[in-house]
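Q: One letter stands for each residue in the lines below.
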Amino acid sequence: MSGAKKGAELRLVTPGEAIGASSGARAGSGTLIMGSNIIATKVGWVNQNNGVTSVDPIYSAYMPRSGDLVIGVVESVRNNLWFADVNGPFNGLLPMSLAPWKVEFGAARQHMDIGDIMLARVQEVDEAHNIVLTMKGVGLRRLKEGIMSNISMNHISRLRGDDDATLRQLKEVSDCRIIVAENGRVWVDGDSDGITFMRTVLELVRNDGHKANFNDSLEALIEQRRNA
Amino acid sequence: MGGYGDVQLLRDDGLRLDGRKVDEMREVKVEAGVLPAADGSAWVKHGLNVAVCAVYGPMEAHPRKIQRQDRAVIDVRYNMAPFSTSDRIRPGFNRRSREISKVTAEALESVVLVERYPRSKIRVEIEILAAEAGTRCVGITAAAVALADAGIPMRDLIVGVASGKIEDTVVLDLDKAEDNYGQADLPMGILPTTGEIAFLQMDGDLSVDEYNTCMEYNMKAAKEIHEIMVDALKRRYIEKNGGES
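Line by line, the protein sequences are chains A and B. Sequence positions in the first sequence follow our numbering and run 4 to 231. Sequence positions in the second sequence follow our numbering and run -13 to 231.
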């Protein structure tokens, strides 16, 4: 919700509300063309960019897309594959062939068991929402240490900042390794002091992530940490 | 609902027993996002009716036999709390709650863009905490706000509203006495921006003219309730934002 910075220029809409005429404009995400109007389908802020009218929703569920970096929690294990909860409507499937280890048939559980956390990428999503994950790639691995936390999908961009500037700053001041995945999950690893700081930051994101003064609050928190 | 001749529901001055005019609605209050554990939620007070609705999902539809390959299914559970009426209600599902759950789900399916979420399920839990006639309408209104709060794409909000006939007079928004002793009841689910009807039931007899008057009253009330619903959804974020939108 980067648009929240602009304050009064923004227009909050609810489902069914007409945003503008459909002629000459294209309907983007969160909108629908009905008759001669573009209408909102979600509660959110209107965003008009390059002739595309869309609605940035205030709250939305994670819908996996191919290429997304996700943090998954193993929910069940078969002889040759794992099912992981990726915070979406359907579990992701990680086949043995896309795991980073040489796995014997029937030995999947020795590498990752129920409740283990993985950093994976969405390899493929088909029309029926079947999600295939891969752990073949740079940095993709089982996450053995650190903490995992959830934030709203719409706050991801606010935690990252423009060109990941905010995230870099947070990594620097907390001295932690931080991964912000596309599915609204955040992984933090470092010393306990850094993790405590990051917990405060994530709490701020959850509670105030949509507010116009979020960046100022975060800046104050970072400054406080620097001066400590 | 055959009418009870000995019960006076209209006063001599033409007003109803609670002092409302024939085309006057009970007071409606709506709050969005009242339950932190749900993906979306709403609280609606309509007269003395109080409903809370929680929405979860979209999630994988279980059991698998209920999955639809081309769209999501909406699983509605309407329930009246045992303490919601003057006589205690035996907890759990009964024929009436099953029927209302079914018709509510069908009404909601016409506004939710279910084709966006194949094979999934959207769970809608409606709990009536206090009942004073018209709970199915209050449930629909609460469900619409909760669905919007959960970020489920919809082509419109849906408003539940009812009117009926008492002492041969068409009135808007029946209260308990009017519902029990009146002649007819016409609850509707209306899409306020287009005026489409997603749900309609009729209990009792109405002439064509009476039906048209009921429609007129319901449409007018739906627009009023819609404004309150929109205000609740917007207020949630504007208030949190310290007055900024």
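Quick caveat, the hints were computed from the structure, so don't treat them as lab data. As the structure is a computational prediction, the values presented were derived from the model and not from experiment. Careful, some of the hints might be misleading.
Okay, derived cross-link-like pairs now, SDA-like style, lysine to any residue, Cα gap no bigger than 20 Å in a straight line [what the hints assert, rightly or not]:
(1) A:Lys214 / B:Arg222
(2) B:Lys15 / B:Asp4
(3) B:Lys220 / A:Asn157
(4) B:Lys51 / A:Glu130
(5) B:Lys162 / B:Leu115
(6) A:Lys214 / B:Asp217
(7) B:Lys220 / A:Glu20
(8) B:Lys107 / A:Asn50
(9) B:Lys51 / A:Asn133
(10) B:Lys107 / A:Asn133
(11) B:Lys220 / A:Asn133
(12) B:Lys220 / A:Asp88
Q: Going through the numbered hints above, which ones does this structure break? Give me the numbers in ascending order.
A: 8, 11, 12
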